[in-house]
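Chemist: Chains as they are written, first to last, in UniProt numbering: chain A, 1 to 385; chain B, 1 to 258; chain C, 1 to 305.
In case anyone wonders, no lab produced these hints; they're calculated from the structure. Since we're looking at a predicted model, the values are computed, not measured. Don't take every hint at face value.
Claimed, not checked - In the BS3-like style, the derived pairs of lysine-lysine whose C-alpha atoms are separated by at most 27 Å in a straight line are: (1) A:Lys46 to B:Lys200; (2) B:Lys173 to A:Lys108; (3) A:Lys46 to B:Lys50; (4) B:Lys109 to B:Lys173; (5) C:Lys201 to B:Lys95; (6) C:Lys187 to B:Lys253; (7) C:Lys13 to C:Lys49; (8) B:Lys197 to A:Lys45; (9) C:Lys264 to C:Lys200; (10) C:Lys13 to A:Lys277; (11) B:Lys23 to B:Lys109; (12) C:Lys201 to B:Lys23; (13) A:Lys30 to C:Lys49.
Claimed, not checked - A few chain C positions that, by computed beta-carbon distances, are all more than 12 Å from chain B: (14) Met1; (15) Ser39; (16) Glu42; (17) Val74; (18) Leu158.
Cβ atoms here follow ideal geometry from the backbone N, Cα and C, with glycine treated the same way.
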Amino acid sequence: MFLDLTEEQKLIQETARNFARSELEPLAAKLDREGDRPAFLANLKKLAELGFMGLNVQGEYGGSEAGVVAFSVAMTEIARACASTAVTVSVNNMVCEVIQTIGSQEQKEKYIPLICSGAYAAGSFALTETGAGSDPAGMTTTAVLDGDSWVLNGSKIFITSAPYAGVFVVWAVTDREAPKGKGISCFLVEQGTPGLVIGKQEEKTGQHASATNELVFDNCRIPKDALMGKLNDGFRIAVAELGGGRIGIGSLALGVGLAAMDYATRYSTERVQFGQKISSFQAIQWKIADSYTELEAARLLLMSAAFRKESGRPFAKEASMAKLFATEAANRACYNAVQMLGGYGYTADFPVERYARDVRITSIYEGTSEIQRVIIAREILKNFS
Amino acid sequence: MKILVCIKQVPDMESRFRPNGDKTWYDESDLAFRMNEYDEYAVEQAVQLKEQLGGEPEITVLSIGPERTVEAIKKALAMGGDRAVHIRDDRYYQKDPWQIASMIASYAKGESFDLIFTGMQSQDRGSAQVGVIVAELLGLSCATTLVGFSYDGGTVTVKRELEGGIKGVAKLKLPALVTCQLGLNTPRYPTLPNIMKAKKKEIAALTPAELSGEAELTATAAIYPPAKKGGGLVLEGEIGAQVDRLMGILKEKTAVLR
Amino acid sequence: MKALLIGEYRQGKLLDTTYELKAFADRLGADSVMLLVGSDAELPKCDSKVYLADAAKYGEYNPDLHKQLVLQAVEKENPDCIVFVHSSYGWDLAPRVAVALKAGQVSEIVALNEGAYEVNACNAKLRRTVTPKSGRCVLTIQAGAFSPTGEPQGAPQLERLDLSGTASAIEFVGYEAAEQKGVDLSKAEIIVSAGRGVGKKDNVPVIAALASALGGELGASRPVVDAGWVDHSHQVGTTGQTVSPKLYVACGISGAIQHLAGMKKADFIVAINKDKDAPIGEIADVLVVADVMQFVPAFTAKCAR
Ligand SMILES: Cc1cc2nc3c(=O)[nH]c(=O)nc-3n(C[C@H](O)[C@H](O)[C@H](O)COP(=O)(O)OP(=O)(O)OC[C@H]3O[C@@H](n4cnc5c(N)ncnc54)[C@H](O)[C@@H]3O)c2cc1C
Ligand SMILES: Cc1cc2nc3c(=O)[nH]c(=O)nc-3n(C[C@H](O)[C@H](O)[C@H](O)COP(=O)(O)OP(=O)(O)OC[C@H]3O[C@@H](n4cnc5c(N)ncnc54)[C@H](O)[C@@H]3O)c2cc1C
Ligand SMILES: Cc1cc2nc3c(=O)[nH]c(=O)nc-3n(C[C@H](O)[C@H](O)[C@H](O)COP(=O)(O)OP(=O)(O)OC[C@H]3O[C@@H](n4cnc5c(N)ncnc54)[C@H](O)[C@@H]3O)c2cc1C
């Protein structure tokens with residue numbers, strides 16, 4: 001057994017870390033508080049130029065061919081500095097991978113390079129609807145073939161990157177009569193298509209720089225060949241691709257958790273109460289011990305899921321386990337970090353307050369913790385029936 | 001044109017260092033290693049020259065060190081090196097600059113490089129000798145501590161950094177060797193596709209035995225932490241208390257705060 | 001024991017560090033002779049023998065020719081060691097002489113330890129003692145490490161050195177003056193300097209605010225200047241300005257020798273560093289172990305009051 005990263009993975013980690021420290025971290029607090037979209041997008045462009053938007057994508061489409069483990073470690077390093085940037089990078093990678101997996105040759109050649117090169121600031125993944133969150137198969141957005149085009153009607157909610165995405169992967173019902181989940185197809189919709197309206201931007205607890213918007217399809221007409229993959233086979237694809245995305249979100253959470261604990265631990269060696277450094281109190285030591293142990297366990301689960309995906313083995317259960325554990329562990333780590341800073345941890349003068357807000361969503365999007373448990377249990381129970 | 005860039009892998013200088021078992025070097029077991037900072041400028045300058053010359057020059061990267069050194073080599077290849085030579089030597093740290101330079105020269109002798117780039121010094125040993133010794137052994141013209149480099153038709157114009165912010169400008173004809181100072185350029189981040197492509201680039205492995213068998217001219221007798229100078233006061237603890245104490249000290253000990 | 005000391009001229013002036021060579025030789029207990037590529041107009045004050053070659057003919061920087069001049073003096077004097085200052089001149093020339101003589105070189109000696117040479121390793125976090133294994137050796141000494149005890153005096157016994165030819169592979173074009181000084185730190189009474197530890201350009205104003213709250217000037221370490229966060233005229237150190245304020249506050253500066261060389265004459269030194277073991281602690285009167293971005297604003301607020 002060999003648990004070390006390869007030299008390439010280490011170099012990717014180093015590039016991600018150096019970039020994150022010198023370009024992302026200095027901007028993170030400002031993006032959180034006041035926002036600066038041009039600066040945010042400029043960093044995304046630089047990350048694209050370095051090859052971070054298509055880590056697991058083939059070179060012929062402009063990807064880096066670096067694999068899933070490299071994707072995971074890169075996400076962690078980016079998230080240590082800026083979770084908003086990290087989630088955008090994660091979704092971009094997921095969008096590239098969906099297109100690579102089910103797109104036609106023309107679709108792959110057209111869209112993947114635009115995302116990988118940074119010509120598009122982002123790609124969006126539009127699945128969730130107001131009535132269909134944990135249960136996306138319950139969606140009601142429809143696509144109807146009309147001559148040479150599909151006509152989309154309905155709306156999506158909580159769509160990451162919508163205002164600056166160049167292209168959207170959109171799921172819609174194409175067969176209303178089919179059993180639930182069997183009549184959904186997947187489409188590519190370009191930004192600016194008439195009838196595609198970018199709705200209101202949500203005001204969120206954290207990850208402020210990353211825009212999350214409503215999408216409205218009002219007789220939105222797209223070409224017939226904008227269908228991606230097989231007709232009525234879209235839902236299976238969405239489920240499969242979310243598995244990869246979960247590795248990204250788990251890795252992101254790990255990065256935020258580590259940033260919080262690193263900060264709080266250093267603080268505990270400086271802060272004096274009762275005449276001693278608070279790090280000398282067992283109550284603080286146990287928080288340090290527990291959180292780092294959990295984060296290390298999270299890292300190993302993520303590595304294992306990433307390695308399985310990279311080796312072409314089934315990984316859905318492992319990705320769900322890793323996402324469930326990493327995001328919950330990171331939430332606990334951020335909770336502990338705030339606690340270790342006492343009242344200061346609750347103020348914007350210290351970054352742990354931002355980490356605690358940024359990390360909260362990780363156990364909700366790309367499948368809530370509850371849904372991860374549903375998946376994990378289902379996969380396990382399969383072997384017992 | 002054939003270019004050689006010599007690089008070294010060194011520990012992150014923010015680490016905590018302790019002497020090893022026989023007190024001749026630092027203990028490496030818990031350190032993170034990276035490319036010597038000065039060498040990053042050397043690699044970058046070589047790659048910029050290659051770009052200036054339309055990609056014609058071939059850049060060979062050379063490093064001496066144990067297995068882990070391959071990571072630094074691959075970084076240099078990802079930044080734009082074409083091929084590499086790894087002189088695999090687990091006992092590299094016991095060799096003095098003369099022996100290290102002799103190995104490099106003995107490899108380079110047969111290769112007739114036109115231009116060699118090295119860092120001005122390594123961050124751990126800091127001897128600032130290896131580059132110059134290589135140049136002398138190979139009979140190359142040489143300039144050290146570059147903060148400016150330009151190349152035109154067989155002549156290199158260098159800007160050397162002198163004390164007090166003054167620079168010295170000099171011209172050298174190829175073949176030449178230059179040693180690079182911090183700030184010479186802005187070393188690029190290796191891109192991910194280039195990191196992956198570097199995997200396919202040749203890394204030739206050599207052993208010290210195939211190169212020079214020179215004996216050492218200097219030896220490390222001992223390595224140890226510097227004796228702590230007493231007197232200096234260390235203020236730890238809480239910010240508010242630190243602020244108050246420092247303020248008190250400055251009022252008492254200096255005339256600058258009334 | 002006999003030492004051949006290689007002095008330095010720059011722009012027609014004999015550099016003061018030349019006297020440190022003599023101080024070092026005295027500490028070694030060695031007899032010394034000196035070699036200079038300079039001019040009669042600027043001769044060192046000392047009683048020993050000085051070989052003088054004409055800088056007008058051999059240049060102030062021409063390592064090929066200077067090497068041959070050194071070798072000639074070695075031939076005549078048969079010294080046990082040849083000593084340079086570890087400077088842009090010394091580290092450039094010394095290894096060339098060492099190779100020609102196949103002598104071991106010990107670089108940047110900071111102290112003598114029972115006859116052995118002490119040098120720094122790992123950014124001064126460790127010390128090494130180095131012993132030459134060759135009969136004759138080449139040494140370079142850290143600038144400032146061996147200070148002359150008294151005022152230099154005396155008149156040297158001059159002996160001229162010349163080479164038969166002046167062909168060289170290197171052509172010295174000239175000096176480029178230091179960039180126009182935006183600030184003259186040399187007269188500042190208080191300097192507050194920013195190092196790489198301040199993290200980013202946006203944080204520099206926080207350090208500058210402390211400087212102005214104290215009524216002082218902003219200084220910087222080299223990486224901060226190289227990164228373009230602060231103009232070069234603020235750089236303190238060997239390749240920046242040498243300063244001697246009443247108070248020097250080093251914020252997020254590790255204390256590399258090249259930085260210390262520029263500020264260690266300050267009357268009172270305060271360092272703010274998150275690393276308790278940072279070498280700056282060696283010379284600081286007070287080391288505040290803290291995050292600069294937390295400590296400095298708090299301290300500035302206090303000063304402003
Ligand atoms: C910032 C942000 C960005 C997002 N980005 C995207 C995006 O880019 N693309 C996209 O398509 N979507 C995106 N989403 C949507 C996200 O994936 C959903 O919010 C998530 O799947 C949960 O759905 P919901 O909000 O409708 O919650 P609900 O499904 O209403 O869940 C509410 C609660 O009920 C629980 N619950 C539901 N069903 C079960 C069950 N069967 N068993 C046990 N418990 C259950 C849930 O776990 C949760 O605790 C984003 C959301 C946010 C907040
Ligand atoms: C929004 C807000 C409103 C507030 N309002 C008021 C107010 O109106 N009036 C007022 O007086 N104060 C107020 N406070 C201050 C608040 O009561 C303190 O923040 C709180 O008591 C914790 O102190 P601290 O922040 O200094 O943390 P610290 O005391 O530094 O604690 C840091 C960490 O060390 C732990 N710790 C400390 N000592 C020990 C020990 N002996 N054993 C084990 N663990 C230990 C703590 O539990 C904590 O996890 C307010 C604070 C906030 C953030
Ligand atoms: C020939 C030559 C000439 C040179 N000339 C000069 C010169 O003139 N001037 C000069 O300065 N350098 C010069 N250098 C460079 C010198 O060797 C060092 O590299 C440089 O001084 C290091 O600068 P620094 O201390 O700011 O950075 P670093 O060495 O990287 O140190 C940063 C320090 O900040 C601390 N730190 C990090 N984060 C924080 C935080 N949040 N809070 C508190 N502390 C923190 C770290 O613990 C560390 O000690 C020269 C080098 C050479 C070879």
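Chemist: The structure should be examined with respect to each hint, and the outcome stated for every one.
Modeler: Checked hints:
A hinted pair counts as satisfied when its Cα atoms are at most 27 Å apart, and Lys46 of chain A with Lys200 of chain B qualifies at roughly 25 Å. Proximity of Lys173 of chain B to Lys108 of chain A is assessed by CA-CA distance (about 51 Å); at most 27 Å being required, the pair is judged violated. Restraint check for Lys46 of chain A and Lys50 of chain B: the C-alpha separation of about 23 Å stays at or below 27 Å, so the hint holds. This hinted pair checks out: Lys109 of chain B and Lys173 of chain B have alpha carbons roughly 18 Å apart, not beyond 27 Å.
The suggested pairing of Lys201 of chain C with Lys95 of chain B is violated, with an alpha-carbon distance near 41 Å, which exceeds 27 Å. A C-alpha spacing of about 21 Å is found between Lys187 of chain C and Lys253 of chain B, which places the hinted pair at or below 27 Å, so the restraint holds. Annotation: proposed proximity of Lys13 of chain C to Lys49 of chain C holds, straight-line Cα distance about 19 Å (limit 27 Å). A threshold of 27 Å between alpha carbons decides the hint, and for Lys197 of chain B with Lys45 of chain A the separation of about 22 Å falls inside it, so the pair holds.
Annotation: proposed proximity of Lys264 of chain C to Lys200 of chain C holds, straight-line Cα distance about 25 Å (limit 27 Å). Proximity of Lys13 of chain C to Lys277 of chain A is assessed by CA-CA distance (about 55 Å); at most 27 Å being required, the pair is judged violated. The straight-line distance between the Cα atoms of Lys23 of chain B and Lys109 of chain B is roughly 35 Å, outside the 27 Å bound, and the hint therefore fails. The hinted pair formed by Lys201 of chain C and Lys23 of chain B fails the criterion: a straight-line CA distance of about 41 Å is larger than 27 Å.
Distance restraint check for Lys30 of chain A and Lys49 of chain C: the Cα-Cα separation of roughly 66 Å exceeds the 27 Å cut-off, and the hinted pair is therefore not satisfied. Consistency note on Met1 of chain C: stated as away from chain B, and its beta-carbon is indeed over 12 Å from all of that chain's, at 17 Å minimum. Ser39 of chain C, annotated as away from the interface, keeps every beta carbon of chain B farther than 12 Å; the closest lies near 18 Å. In this structure Glu42 of chain C is separated from chain B by more than 12 Å, as the shortest Cβ-Cβ distance comes to about 17 Å.
Non-interface status of Val74 of chain C relative to chain B is upheld: no Cβ of that chain comes within 12 Å, the nearest being about 15 Å off. Distance check for Leu158 of chain C against chain B: the nearest CB is about 26 Å away, which clears 12 Å, and the non-interface claim stands.
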